[in-house]
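Once you have looked at the hints, place chain B on chain A.
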Amino acid sequence: MINSKQIALIKKDIRAVTTNKRLFSVLLIVPLVMTVFIPSIFIIIAGVVPLDSNDFQSLIATFNLEDMLDGDLREMLIKIVLNELLPLFFMMIPVMSASIMAASSFIGEKEKRTLETLLYCPLSLRQIFDAKIIASFLISQLVSLISVAAMFLVVQLEVFIILGVLIPVEISWLILLLLVSPALALTTITIIVRGSAKAKSVEESQQRSVFMVIPIVLLIVMQASGLQILSVWLLFALGVICALVGFVLLKRASANFHYESLLL
Amino acid sequence: MKAVIAENLTKIYPSGKKAVIDTSFTLEQGEVFGFLGPNGAGKTTVVKLLNGILTPTEGICRVFDTDPAANPVEVRQFSGVVTEHAQMYGDMSGLQNLIFYGTAFGLSAAESKTRGIDLLEKLELTHAENRKLDTYSTGMRQRLSLARAMIHRPKILFLDEPTSGLDPESVQSVNNMIKNLAEKEGTTIFLCTHQLRYAQEICSSYGLIANGDLLAAGDLAKLRALIFSGLIVSIKSDRCPKDIAFTKTGEMDYEIKVDSEAEIPAIIKRIVNEEGNIYNVAARRLSLEEIYFGLLDKRNAEECSGKGAKND
Numbered sequence: 003m004i005n006s007k008q009i010a011l012i013k014k015d016i017r018a019v020t021t022n023k024r025l026f027s028v029l030l031i032v033p034l035v036m037t038v039f040i041p042s043i044f045i046i047i048a049g050v051v052p053l054d055s056n057d058f059q060s061l062i063a064t065f066n067l068e069d070m071l072d073g074d075l076r077e078m079l080i081k082i083v084l085n086e087l088l089p090l091f092f093m094m095i096p097v098m099s100a101s102i103m104a105a106s107s108f109i110g111e112k113e114k115r116t117l118e119t120l121l122y123c124p125l126s127l128r129q130i131f132d133a134k135i136i137a138s139f140l141i142s143q144l145v146s147l148i149s150v151a152a153m154f155l156v157v158q159l160e161v162f163i164i165l166g167v168l169i170p171v172e173i174s175w176l177i178l179l180l181l182v183s184p185a186l187a188l189t190t191i192t193i194i195v196r197g198s199a200k201a202k203s204v205e206e207s208q209q210r211s212v213f214m215v216i217p218i219v220l221l222i223v224m225q226a227s228g229l230q231i232l233s234v235w236l237l238f239a240l241g242v243i244c245a246l247v248g249f250v251l252l253k254r255a256s257a258n259f260h261y262e263s264l265l266l
Numbered sequence: 062m063k064a065v066i067a068e069n070l071t072k073i074y075p076s077g078k079k080a081v082i083d084t085s086f087t088l089e090q091g092e093v094f095g096f097l098g099p100n101g102a103g104k105t106t107v108v109k110l111l112n113g114i115l116t117p118t119e120g121i122c123r124v125f126d127t128d129p130a131a132n133p134v135e136v137r138q139f140s141g142v143v144t145e146h147a148q149m150y151g152d153m154s155g156l157q158n159l160i161f162y163g164t165a166f167g168l169s170a171a172e173s174k175t176r177g178i179d180l181l182e183k184l185e186l187t188h189a190e191n192r193k194l195d196t197y198s199t200g201m202r203q204r205l206s207l208a209r210a211m212i213h214r215p216k217i218l219f220l221d222e223p224t225s226g227l228d229p230e231s232v233q234s235v236n237n238m239i240k241n242l243a244e245k246e247g248t249t250i251f252l253c254t255h256q257l258r259y260a261q262e263i264c265s266s267y268g269l270i271a272n273g274d275l276l277a278a279g280d281l282a283k284l285r286a287l288i289f290s291g292l293i294v295s296i297k298s299d300r301c302p303k304d305i306a307f308t309k310t311g312e313m314d315y316e317i318k319v320d321s322e323a324e325i326p327a328i329i330k331r332i333v334n335e336e337g338n339i340y341n342v343a344a345r346r347l348s349l350e351e352i353y354f355g356l357l358d359k360r361n362a363e364e365c366s367g368k369g370a371k372n373d
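Protein chains in written order, with this note's numbering: chain A, 3 to 266; chain B, 62 to 373.
Excised from the complex, chain B in its bound form:
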């Protein structure tokens, strides 16, 4: 069973704003899916559509074979959500909050307490379990929100910017927790973020969205193939053979695109044979950030050519 299926999902708000346009993607169970795009791209709207808070204007979505628009309560029973706007009660302690949300998800008060204490320990909040939430720092609140979303052991976790406001150490502990949840407990993670480098660290597949429009979805290899699946060889040298296609990025820095590692020795030999001095050689594949901006440029170019053709 697929964890999430979205087919031609479109959401237009009553104000006329098109938040999500004709979006289709699927998620496997246990996958860590990074839903990436800048603020206002439509990520949170998709989370709300998948949890039945919003109903799609067009298209359908299924979460573990359940339609959130028709059965929102059923979907929420097995999903956990952390969003920037979903706050908890400031006049209650961290543990009291977790006990309340546990009981609101159908656990008994005793079960909620045990689970809450366990989660607070995992998220390094035990020292503050009896302190009122009003006294928590932003990072502590964010970690408590994660604990709240996990209180009922959800099958799928929707995390909207889960590491915003966290210090590097906390980011690391949250990342480890997300990876463990996916690998050991088979929890599906739907992670929305605008931090592409962060997403590349922990996600196994991606959906790239801009202005409500899904640019592409799939694993890194699939996304790279849309732009360039080969290697970029960065060479620091005082000379570069003229018949090789390169991009000069600095006084002695060149970037050469190759299809495979096998092509690199020949390029190095050429430089050496032409009596060039090589100071550094590094090969890398396109980063998620480069893929995103590459796809965005491609989409803009397509739109421009589409407009041009119309004008002609």
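For reference, chain A alone in the conformation it holds in the complex:
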């Protein structure tokens, strides 16, 4: 159960990010590039480039669409990009935002020598730990939500302008938003937090998120090279496994925290 003192800490951490224009823009810019800029390029290629151009032919080949020439090929291609490729790009967002937020929240306090002051407050180490995890988690989910909302708005608008239709959204996005994104954020936060006692700087700590980024990059490469591995079931399984790993790591990380290891 979260008490009022923890809520104060959560609010403070969230405000520290949202009122810090530099940090908040870093948190938002990359996700918006991934969810707005990159999809826009795909849509422009798919919607404007002549069907017989080399670029278009290579996209058709990549996604094995040679058999679908009877349908509206442009619409089909955009649908595939939106529902099968972008989800993988989207997975990077909770990882990135969670790692920036967790590093700034845990190691940032240590770096700015505000952690000791916090330890003199009537909060147990576990309560501080939980409050900071919640704050990092909420910010990462907020960034994910803003990114996905911006993506749908821009993508649908672009498609409507170019093709005059709206693209149906698949259930995979729901699984991504409600399961995969929270699970990825949780796991990333715990990975960062586990290393926070030893990390000397925010940057050093953020580098640990590479353990999460590399598998996602591999997934993107596999998917983009035409393997088409992504399915609703795979996403669901990925989300469940990630959530389990996150919870186990979280339990172990909080048990290993001691005042002396944080301050000495």
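Derived from the structure by calculation, the hints contain no laboratory data.
From a predicted model like this one, the values you see are computed outputs, not experimental measurements.
The reader is advised that the hints may include incorrect statements.
Unchecked claim - Listed below are the simulated EDC-like cross-link pairs for lysine to aspartate or glutamate, each with C-alpha atoms no more than 16 Å apart in a straight line:
| id | chain 1 | residue 1 | chain 2 | residue 2 |
| --- | --- | --- | --- | --- |
| 1 | A | Lys23 | B | Asp152 |
| 2 | B | Lys78 | A | Glu113 |
| 3 | A | Lys202 | A | Glu86 |
| 4 | A | Lys114 | B | Asp152 |
| 5 | A | Lys112 | B | Glu145 |
| 6 | A | Lys114 | B | Asp128 |
| 7 | A | Lys13 | B | Glu145 |
To be verified - Partner residues are not named here, just some residues of chain B that face chain A (Cβ under 8 Å, in silico):
| id | residue |
| --- | --- |
| 8 | Ile114 |
| 9 | Leu115 |
| 10 | Glu119 |
| 11 | Ala130 |
| 12 | His146 |
| 13 | Tyr162 |
| 14 | Ala171 |
| 15 | Val294 |
| 16 | Phe307 |
Glycine included, each C-beta is placed from N, C-alpha and C at the ideal position.
Chain B alone, transformed into the frame defined by chain A:
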């Protein structure tokens, strides 16, 4: 109820460094206790032990009958701490910082704001309440730290070098505040400093520590009794009777130790009778600084004789 009890408190860090060794002392409620010693003597370690940030290697401590090692959260609810390393948030204003710490201590946001504004006024920081902490001078930061530690009206305040970086005027206002807190509100003050003269101005009892070892604890009279409880009479004269034990400190300056003021007239008469001219006479008791160094010398001598006896 005693405000603080420390019994055989020992802290050895994982590196093997003995920060505090077998330290015992008690503090009464409302007392201004000066915990004195040079940097690295173990003062901050004791503050951390009394707030449950560190756990003792041996011994026990109690703060208002609560064991900080077992119930750190409970102790911190009624204690306030100012240390050199405990900083606040630079990107928040002075008042925002106080409101945050107030809510972190369980006050409502409105209560924290009212209390924060009141403390900022007392510490002459009202003009900077909406300025970001990053723009504060060292002295202003130090005063804001004091306000932060007092936001929840603690029963005991741990102040580690509270006047470092303050100008003389601010030192005076902080001293007055500490005295008022102890006298009017009954707040116990645990003041760590290496400035012995400063401590003598405001403390009612003392603990003298060196290299983690508590040399002595008690009020000034008790500490003086360990070295010399009488008076030191400084006389500026062109002659001093030879049969009186004295220390010559200058060409015409002599220091004579007496047990009481009653002995002074006889010494003066002797000098006058021997046709000596007296230019100045002043009597004083040992200062805290002299007591500290006296105890340190005594401890070193004991250690040396202990080693000598072992070698024999």
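Let me make sure I understand: some of the numbered hints might not hold for this structure. Which ones are they, in numerical order?
The structure conflicts with hints 2, 3, 6, 7, 10, 11, 14, 15, 16, although it agrees with all the remaining ones.
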